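Enquirer: Line by line, the protein sequences are chains A and B.
Each residue of the first sequence is one higher than the one before, starting from 1 at the first, in the working numbering.
Each residue of the second sequence is one higher than the one before, starting from 1001 at the first, in the working numbering.
Rather than coming from a laboratory, the hints here were simulated on the basis of the structure.
Computed from a predicted structure; not experimentally measured.
Heads up, a few of these hints could be off.
Short, incomplete list of chain B residues facing chain A, as computed with Cβ under 10 Å [as the list claims (entries may be wrong)]:
1) T1012
2) R1022
3) H1027
4) P1064
5) F1070
6) R1087
7) D1110
8) L1146
Distance windows between CB atoms, simulated [what the hints assert, rightly or not]:
9) B:A1065 with A:P431: 18 to 28 Å
10) B:P1031 with A:Y485: 29 to 39 Å
11) A:G242 with B:G1050: 35 to 45 Å
12) B:G1050 with A:D181: 39 to 49 Å
Glycine is no exception: its CB is placed at the ideal position from the N, C-alpha and C atoms.
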Amino acid sequence: MRSRAEVVVVGAGWAGSIITAELAAAGHHVTVLERGTWPAGAGPAGFVTDDDGRWPSRQLTEDARLETYTMRHRSGQASLPIRRLNSFWAGSTVGGAGAMWSGFSPRFVPDSFRSRSAHVEAFGPSILRPDVRLVDWPLTYADLEPDYTRFEQVAGVSGASGADPFAGPRSAPYPVEVAPDSVDAGPWVAAARRHGLHPYPRPVAGAGVETVNHYGLTRAVDPVRGRSLATPLNSVLPYALGTGRVDLVEGARVRRVLHDGRRATGVRYVDADGEHDLEAEVVVLAAWALGNTRLLLMSDVGRPYDPETEQGTVGRNHANHVGAVSTAWFDRSRHDSSAWRTGAWSMSDLAALPEAGRPDYVGGAHLVAGSVGPSDLSTDPRIPVGSPRWGAGLRTAIDRYEDAGVQVGLLGEVVPHRRRHLDLDPTFRDPWGDPLLRITFDWDENERSMVRSVARRVSAVLRDTGADLVDEGGVLPDHYDVGPYQNSHATGGAVMGTDPATSVVDPDLRSWDIDRLWVVGASAFPTAASPNPTPTVGALSFRASRSIRRHLEDTEATDPPSDTPHRRTPRRP
Amino acid sequence: MTSADPALTDSTREILADLVDRLFPEHDGRPGAKDLGLIAVVAARLRSPGWQGRHTYAGGPYLPAPEAGFGWQSPLSPTESVLRVARAVDEWAVREHGQGFVGLDHDVQDGLVRALEDGSFAGLDDPAPRQAFELLLSLLHEARSLSGRRR
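Isolated chain A (complex conformation) (with noise of 0.2 Å):
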């Protein structure tokens, strides 16, 4: 029976598994407790599909029997549970979030870092509504930069190094290069760059030819898909795993961070043979941005925030991104496939900051293209918005138009509102009776104006394709829904800053309030920035992984003599 740890890491999605593997590599011994247990069928390829081929496969989902959350759009609401998860996925397995995602490999841009000051310099103070809570980051690009590099170099990430104006300088090129000419553009490209907007290859952790990174494992590339998938399962847990330093418990369901008030001591898990506590010298929650928050929650770690005195931490600047399509239409009896053949383009023009003039929004809208396809995430037939939905209408259209477009899709940042946020649910729990957390989440004024402005933008240019219909999109749902699949890019919850006020965890991601404690992840995020949230919580993990084994380093297990509670004073990084 395990009963210490030097560290323990709870969660083995990237986060967890970049740490695990950093710490091993510097000599440290890690105990990773996982909820799930390592998915079958996952190969060096990374795509884990189901008998039927589909991907992702759903034992890579959390079933929702086992841990789902509440909803509610407002305070005051009676929340209710999501009781199929859907509008996003939680990992449940070996690899978390890690092993069923896209793949999608953009860096924040520089000013997304520096949220607020970039909107007041550009905008004056007048451009923040009274609710939004928008905020700079406790550090730069150029302070991640060298570990968006590290990161993107573990994870195999193709892309075209220099081809987006508006990304901070690179200290490396991506590790597989693509040339932008070599990315079939359609008619598309050409419109864009018309209506001046700066298309380039969208970055993504895969790669159509065989690579190795640098702890020496081997990603294949997937027959089907034509190219790899990077997940911690193929890219860094069997080189963590190989130092024979780290003890991977799968089935081990986290239920607290044991503490005395003053610093961590180890975490009390549940699995097949009942609960147990594991000591520890080093705590380390890397368990998705929701699964972080809760934890904490739940161990009475930090002060809860209360939105009506916006006093408290754990469980502030919740937000997400905000998803819309904009879909350019061709014929099929009137075009050959060539005018909707397009690859996968990012653009970063409105990456962290609305066009200049007088937006109605703040916050940035990562803008992605490509034709329009069969969608591992709907069955949806993909046809104009307002077919005929069955009967004869519906072959029409299906004969006309199915995957016979280009889409424009929106990943628009959701910026912090004093009112969204995260804390314990008083009525529904999960199996071993602990609450659920509660969202209070729903779209604002501002996702609407993004949304509705964003989409007039980029029709213009899907309507100088050539193409005989476009879907402007532009309206979101009355509120929040939690039925289809959006993303799953929560953020916020255990944020980093400068002051313990208002963040749960320094720039290095340590806990303010109880030592030893570090909280890696998207849970950090103090804004969600626009751009796919992956990368990023790649090179907070490495940053993380620095700061413990200088605490590792520094205390040599010697307990530091202390009588008065703790709070360690604010530093900046």
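The hints should help you fit chain B onto chain A, whose structure is shown.
Expert: Chain B only, in chain A's frame:
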């Protein structure tokens, strides 16, 4: 959440085959859902863990959603809901037309589908008619997707 009997009776299977066929009918001389054999895939989907509600949180209390956006809140599984739809549709056919749903003229069957879509069908409470329509449409699209998305 109770577990639905995964076995479809022959009569229920025929009702669902007709319903899905009206959603995706024969067109321009090309086969509809029935002749494409999609009902076999529909039946398989109804036996799948997701449709059987095996990954659904079942903690109480079950409460009505205050507004749109709260997703699935029924104690029934999606499969149980579909079986209810099939029963309700057949009872309606007997009541209104003196015979079961299978075998009714296509125009009459289409009228029933329209009543589900616009919510005017009176014979269903849980699932509501519009939800019943969405469930049937989801079954069609899943079956078509798994069958190669033939046009």
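Enquirer: Run every hint past the structure and note whether it holds.
Expert: Hint check:
1. T1012: This interface hint is violated because 20 Å lies over the 10 Å limit.
2. R1022: Holds, because the Cβ-Cβ distance from B:R1022 to chain A comes to roughly 7 Å (cut-off 10 Å).
3. H1027: Status holds, d = 4 Å.
4. P1064: holds, 9 Å
5. F1070: This interface hint holds because 5 Å falls under the 10 Å limit.
6. R1087: Interface hint status for B:R1087: violated (21 Å vs cutoff 10 Å).
7. D1110: holds, 7 Å
8. L1146: Because about 6 Å separates B:L1146 from the closest Cβ in chain A, which is inside the 10 Å limit, the hint holds.
9. B:A1065 with A:P431: 18 to 28 Å: holds, 24 Å
10. B:P1031 with A:Y485: 29 to 39 Å: Roughly 31 Å apart at Cβ, these two residues keep to the hinted range, so it holds.
11. A:G242 with B:G1050: 35 to 45 Å: holds, 37 Å
12. B:G1050 with A:D181: 39 to 49 Å: holds, 43 Å
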